[in-house]
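A.B. asks: Heads up: the protein sequence lines correspond to chains A and B, in order.
To convert, note that position 91 of the first sequence is 90 in numbering that gives the first Met the number 0; the numbers rise steadily by one, no gaps.
To convert, note that position 146 of the second sequence is 145 in numbering that gives the first Met the number 0; the numbers rise steadily by one, no gaps.
Please keep in mind that the hints were generated in silico from the structure rather than gathered at the bench.
Just so you know, these numbers come straight off a predicted model, no measurement behind them.
One or more of the hints may lead you astray.
[What the hints assert, rightly or not] The list that follows gives simulated cross-link-like pairs (lysine to aspartate or glutamate, EDC-like), each with its CA atoms no further than 20 angstroms apart: (1) 116/B x 63/B; (2) 118/A x 105/B; (3) 58/B x 39/A.
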Amino acid sequence: MYKHSRKPVELNTSSMADIAFLLLIFSLVATTISQDKGLDIRLPPKSEFEQELPIQERNLFKIRINGNNQLLVENEVRENAEGLSTEVKAFILNNGRDASSSDSPEKAVVSVKTSRGTKYAAFISVLDELKGAYYEIYGERVGLTSGEYRKLDQNNPEDRLLYQKGKEGIPMNISIAEPDF
Amino acid sequence: MSKFRVKNSTKPTISMSAMPDIVFLLLFFFMVTAVMRQSEEVTRQRPPQAKEYRVTSNKSLIKELIIGRPSDGKLGEGFRYVANGEFLSLDQIRPWLLKQRTSLSEWARPRMIIVLKADEDVDMGMIADLQQELREVNAVKLVYRTLEGP
Chain A
0 MYKHSRKPVE
10 LNTSSMADIA
20 FLLLIFSLVA
30 TTISQDKGLD
40 IRLPPKSEFE
50 QELPIQERNL
60 FKIRINGNNQ
70 LLVENEVREN
80 AEGLSTEVKA
90 FILNNGRDAS
100 SSDSPEKAVV
110 SVKTSRGTKY
120 AAFISVLDEL
130 KGAYYEIYGE
140 RVGLTSGEYR
150 KLDQNNPEDR
160 LLYQKGKEGI
170 PMNISIAEPD
180 F
Chain B
0 MSKFRVKNST
10 KPTISMSAMP
20 DIVFLLLFFF
30 MVTAVMRQSE
40 EVTRQRPPQA
50 KEYRVTSNKS
60 LIKELIIGRP
70 SDGKLGEGFR
80 YVANGEFLSL
90 DQIRPWLLKQ
100 RTSLSEWARP
110 RMIIVLKADE
120 DVDMGMIADL
130 QQELREVNAV
140 KLVYRTLEGP
């Protein structure tokens with residue numbers, strides 16, 4: 000009878016690597032790694048009857064941006080949004096000390112109104128400052144910088160707890176009004 | 000002649016058998032982290048810069064809307080709404096949103112996140128009109144896509 004050789008048969012798998020590389024390169028070319036970085040907001044839900052919420056004048060921080068991208072912050076003309084975040088922060092954390100500023104962080108509302116001709120970039124630069132002010136406040140409450148606070152991972156239970164604790168009782172009241180002209 | 004001659008007839012080779020495993024590992028990593036490009040880029044746009052961005056964590060809930068200039072010069076220079084590689088007019092946005100919502104599983108529908116990738120030169124009027132449409136169908140979670148800031 001024919002006797003098999005004792006040496007085990009080996010498959011030549013060197014081309015396997017080539018095939019895998021081919022697949023890898025294909026998937027690299029055909030995909031985009033999505034970077035979903037951005038400023039998140041929550042739009043007000045649509046209501047059948049428009050309700051006017053009574054907001055006291057002192058609890059409202061008004062920012063308007065006109066068609067030339069100029070700012071009107073609390074009735075004061077500005078050319079850009081720089082330094083807005085410190086003012087907004089002071090406004091939110093006023094707690095009734097200054098009679099012309101907010102009663103409490105909970106009641107404080109920051110309102111942004113643009114014109115239809117305002118550039119998107121100008122609006123984003125203002126929104127960026129506002130978000131910065133809130134993140135700084137939230138971060139300070141849990142002993143983080145605003146950057147660290149922003150990077151907290153919602154899927155991690157510990158981070159989530161810190162995140163919740165930071166914003167507890169201080170809602171991000173940023174109101175984006177419809178442009179009227 | 001030495002008494003102990005080492006008999007070494009085979010050439011030393013490095014085993015390449017683990018190579019495919021490594022490459023497959025890389026392949027799977029990319030397949031998991033990346034999303035397939037849905038279509039050709041029909042517009043070009045440069046989102047504005049911002050410092051205080053957050054990274055949206057739940058990828059499956061994200062639906063992307065674009066406002067950009069058509070890459071094809073024949074279509075003019077005006078800004079257009081684009082979703083899934085198709086131009087939409089303002090009144091086509093609502094049906095698109097509803098379709099996107101039904102494509103999600105039931106529990107995820109109210110959590111749908113719209114990521115708006117708009118060019119920095121777009122007028123706010125166009126954004127406001129879009130926001131109004133979003134509110135109409137109760138898609139209230141909106142992310143303004145931005146580039147990492149100055």
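A.B. asks: Hint by hint, say whether it matches the structure.
C.D. replies: Here is how each hint holds up against the structure:
{"no.": "1", "hint": "116/B x 63/B", "in the structure": "holds, 7 angstroms"}
{"no.": "2", "hint": "118/A x 105/B", "in the structure": "violated, 37 angstroms"}
{"no.": "3", "hint": "58/B x 39/A", "in the structure": "holds, 14 angstroms"}
Hint violations for this structure: number 2 only, all remaining hints satisfied.
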